[in-house]
Amino acid sequence: MKNKYSIFSLIKNAFSYHENWEKAWKDPEPKKEYDAVIVGGGGHGLATAYYLAKKHNMKNIAVVEKGWIGGGNTGRNTTIIRSNYLWDASAGLYDHALKIWEGLSQELNYNVMFSQRGVMNLAHNLQDVRDLKRRTHANRLNGIDAVYLNTEEVKKFCPIINTSQDIRYPVLGGTLQRRAGTARHDAVAWGYARGADEMGVDIIQNCEVKGIKRNGDTVEGIETTKGFIKTKKIGVVAAGHSSVIANMAGLKLPLESKPLQALVSEPVKPIIDTVVMSNAVHAYVSQSDKGELVIGAGTDDYVSYSQKGSHDIVEGTLNAILELYPIFSRMRMLRQWGGIVDICPDASPIISKTSIKGLYFNCGWGTGGFKATPGSGDLFAHTIANDEPHKLNAAFNINRFVSGDLVDEHGAAAVAH
Amino acid sequence: MFLINCPFCGEREQSEFKAGGEAHIVRPKQPTELSDDEWAEYLFMRKNIKGVQFERWNHVHGCRKWFNMVRDTSNDQIKAVYKMGEKPPVE
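Residue numbers (my numbering), protein chains in the order written: chain A, 44 to 460; chain B, 488 to 578.
By construction, these hints were calculated from the structure, which means they are not laboratory data.
Where hints are given, some of them may not hold.
Unchecked claim - Coverage of chain B stretches by chain A, computed from C-beta distances (three or more under 8 Å per stretch; other residues unrestricted):
1) 523-529
2) 534-542
3) 560-566
Note that CB positions come from ideal geometry on N, CA and C, so glycine has one too.
Turn these sequences into a full structure, and let the hints guide you.
Spelled out as structure tokens, the structure:
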């Protein structure tokens, strides 16, 4: 049993200069065999392991990660959480996650710094206005809080936005989800890792999967850089590298992996207390607790695993940011980076069984996976443990690309992908 | 960010081009006879290779012509550029 984090443990450890905190998770060598192995130690993978152990009593499991946990897209996203998706299936999926977020810090005894500061999506032309109003109605029918704001209300909610009607893409209105917000992305991975480790899950870092061993249509285990691990169930949550793992098993996925960029500015005093996203000009911005502006850019249109994007993408985003927020014109950018996102043709994820028994995929989250981390882990754990999807992720099966029953969130999901 | 040697215009910045995805996916000759699985394979399934990949590109802000490219997706290095209809270079 791990020591509980509390104000008392903080004081107690202060007396020893914070040098005696116990390790949040062990660093074990892989065992010969597990009941299930999760490939990918990001937020989604660690959450999957956590819920497999907690809700499905599968304790003899491992998470294998080629780098360090939370070092991929979990540590590279812009930490936005919202559930204002258009279609019923997506609304169910993302709001399931949002409901878990609301109690996550308490459940994990780990402060994930979840902050419901609201997410506002802007409209810049008449079609945007119609789309956003339609989405607001759809959200409310699905029990998701959403309001439509006119230009004055947008200005009132976020006073630094330039609402002049003379700019190239004037602000005509926006939607607001007040329950939406941000969380500390690293803490999510660390909190789930600590929780999973406490229940006996082996978190194995620096362990890259090199092959998937099959016997006919059944999996037998994985070849890794730390040797062969026998297992009957493999849950792959490898984000941008999902196709690479799928190819090892002889599967093809409907994914394209592309670089997505983000950047942060130098830290400044509090200036923006919400998250503002704009689909038409593709720029979104929030402010971290350190004071940095966190800015999300778009994806490049070519396949790449290089974790580097093109300069013109950043330039386009900053043009839009400066027109919407002239006050930021002298801000200096501190860091810029890229992550590799796996995008489905319909911009919805895959949480599914495959044609190979014992092989499960959780992928295709594209540019918006962070917000779904707890829900994705919960539903993927359910799918792996029962060999059947939960009703909330049934629509996100891999077979929808054969049946044609797509969950088409492209252009409908409040942000372009 | 990289430079692309357009087979018609010469070397230009990548931002002048539009990526057209995986190359050499053959359009079905008899679309009416395709099963749902074959349609899914043609429309959606992609190799999405980490490494050397054959692609289509369009010089959209230049000559607007389509051409093919061989590129290493792990480091964005271009191995070869060739015109549509030409035989892909063998590695």
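**Request:** Take the stretch 560-566 of chain B, compare each residue's beta carbon with every beta carbon of chain A, and decide whether three or more fall closer than 8 Å.
**Result:** It holds: at least three residues are needed, and the stretch 560-566 of chain B offers 4 whose Cβ sits within less than 8 Å of chain A.
**Message:** Can you tell me if the stretch 523-529 of chain B counts as covered by chain A, using C-beta to C-beta distances under 8 Å and a minimum of three residues?
**Reply:** holds (count 5)
**Message:** At least three residues with a C-beta closer than 8 Å to a C-beta of chain A: is that true for the stretch 534-542 of chain B?
**Reply:** Per the Cβ count (6), the hint holds.
Against the hints set out earlier in the document, no violation occurs for any number.
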